[in-house]
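Q: So the protein lines, in turn, are chains X and Y.
Read in order, the letters of the first sequence are residues 1 to 242 in full-length UniProt numbering.
Read in order, the letters of the second sequence are residues 1 to 242 in full-length UniProt numbering.
Just to be clear, a hint being listed does not mean it is correct.
Since copy identity is lost for identical chains, a pair holds within one copy or between any two.
Stated by the list, open to error - Each computed DSBU-like pair below joins lysine-lysine, with the alpha-carbon atoms no more than 30 angstroms apart:
id, residue 1, residue 2
1, LYS57, LYS156
2, LYS111, LYS31
3, LYS156, LYS111
4, LYS233, LYS111
5, LYS57, LYS111
6, LYS233, LYS57
7, LYS40, LYS57
8, LYS156, LYS233
9, LYS40, LYS111
10, LYS40, LYS233
Just so you know, these hints were derived from the structure itself, not from any lab.
For reference, the chains in residue letters:
There are 2 protein chains.
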Amino acid sequence: MANPTAAMLVIGDEILSGRTQDTNTHFLAGKLTAIGIDLKEVRVVADDADTIVSAVKTLAHSYDHVFTSGGIGPTHDDITADCIATAFDDHIDIRQDAYDLLAAYYAQDGKDFNTARQRMARIPDRALLIDNPVSVAPGFTLENVHVLAGVPSVFKAMVASVLATLTGGAPLLSQTRRINRGEGDLAGPLAELAQQFPDLSIGSYPFLHEGVYGANIVVRGTDVARLSDAIAKLNQLFPEDT
Amino acid sequence: MANPTAAMLVIGDEILSGRTQDTNTHFLAGKLTAIGIDLKEVRVVADDADTIVSAVKTLAHSYDHVFTSGGIGPTHDDITADCIATAFDDHIDIRQDAYDLLAAYYAQDGKDFNTARQRMARIPDRALLIDNPVSVAPGFTLENVHVLAGVPSVFKAMVASVLATLTGGAPLLSQTRRINRGEGDLAGPLAELAQQFPDLSIGSYPFLHEGVYGANIVVRGTDVARLSDAIAKLNQLFPEDT
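Assemble the whole structure, with the sequences as input and the hints as a guide.
A: Here's what the structure looks like:
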């Protein structure tokens, strides 16, 4: 059976302007691969309601899971929760369960639970809350979309909360062999290897390190014995170039 | 007049599997912002021909410029050039100008200019070559799509080659004020500030650093005097929280 599929939607002007390097995608990608959910597409879009709603609809329709990051804080540019509600035609307002979580947190902290902070309790009616052990304000899952915070420490904690509830497929295994030769010398033999192992994905990732060309050959698949066979064959082809 | 718009298309299984952190997008985003081209969307897709062709068509139709990274090397998984030709219904084969560049380079280097390396001379008929001062194998521009290498050092060099040929708009300027208070305390005043300066974009980027909540408030716009006014107003609102 094919693995479940996923897409990531990163929401935020700060990524598109070059102010911030997105690292949430890379983190999520590794976690999904480990549990056998195939990340198929990533999109980064601006803090614009129509754009977000349209991207959510498209991705939710195309993949088993969609993960979003960003735009669920208390400020005026945090519009993700409302956009998700619009995309799924759900009602959204301050929800009692989220309100109670936040009220208790700010009471304990001695901080003012003001109107802005109450915005973080805006959750669509049909959504399930996602636990946020870092800063309490919850994420949520609505249908197949998991709405997570953009701050990396909170994003990571929420990913752990969500992934514990999902069923993956066969984890994708990989083995890597570094070869210190230009890709041009490797390409012919690699293409033959790929034909001999149609059940595996064989990727070549070139690098240029201190003036030396080389490539990391990554063999991916779900059967560890086949991976080992392919790597053994690769070692025969390039015995000396490690 | 509105600035030209752009999208970035990152092509590569290695990004989606979590093996590699994409850094090309962040680099390009900063460069585009500096010359007044607005990066509006980023997509990351797998090394799959139908997916690439479809994404290229959609993005090329929606934005003034599309930049791609990845998939133009000599190996079997390098299919970007052929996909771009398909997307624009152009003929593609080994092209003499690219062939000559590569032949001279490998002759000088004493390397075999084999069939695999000749693949890097596959360029659509109507494309303009993009100079690659790092490793010679050229990128190309076809219509409004700029096809660049995935290896970061080569990508950066090609970006410089392309951007020199493009006309941007008004560069987006930004000023940042760090405030060591939770976003919940800032949100109300910031929303008012945003209403007073509708020509500026005011973003709040929260952080959690050693247990302290704070936010970087980034004010963006094209008029330096307006930026300074907004920051002055922000300083009045939060005189003590630096």
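Q: Please go over all the hints and tell whether each is borne out by the structure.
A: Structure-based check of each hint:
| no. | hint | in the structure |
| --- | --- | --- |
| 1 | LYS57 - LYS156 | within (24 angstroms within a copy, 34 angstroms between copies) |
| 2 | LYS111 - LYS31 | neither (35 angstroms within a copy, 40 angstroms between copies) |
| 3 | LYS156 - LYS111 | within (25 angstroms within a copy, 46 angstroms between copies) |
| 4 | LYS233 - LYS111 | between (63 angstroms within a copy, 24 angstroms between copies) |
| 5 | LYS57 - LYS111 | neither (37 angstroms within a copy, 50 angstroms between copies) |
| 6 | LYS233 - LYS57 | neither (45 angstroms within a copy, 39 angstroms between copies) |
| 7 | LYS40 - LYS57 | both (16 angstroms within a copy, 18 angstroms between copies) |
| 8 | LYS156 - LYS233 | neither (38 angstroms within a copy, 35 angstroms between copies) |
| 9 | LYS40 - LYS111 | neither (42 angstroms within a copy, 37 angstroms between copies) |
| 10 | LYS40 - LYS233 | within (29 angstroms within a copy, 45 angstroms between copies) |
Of the numbered hints given earlier, the model fails hints 2, 5, 6, 8, 9; all others are met.
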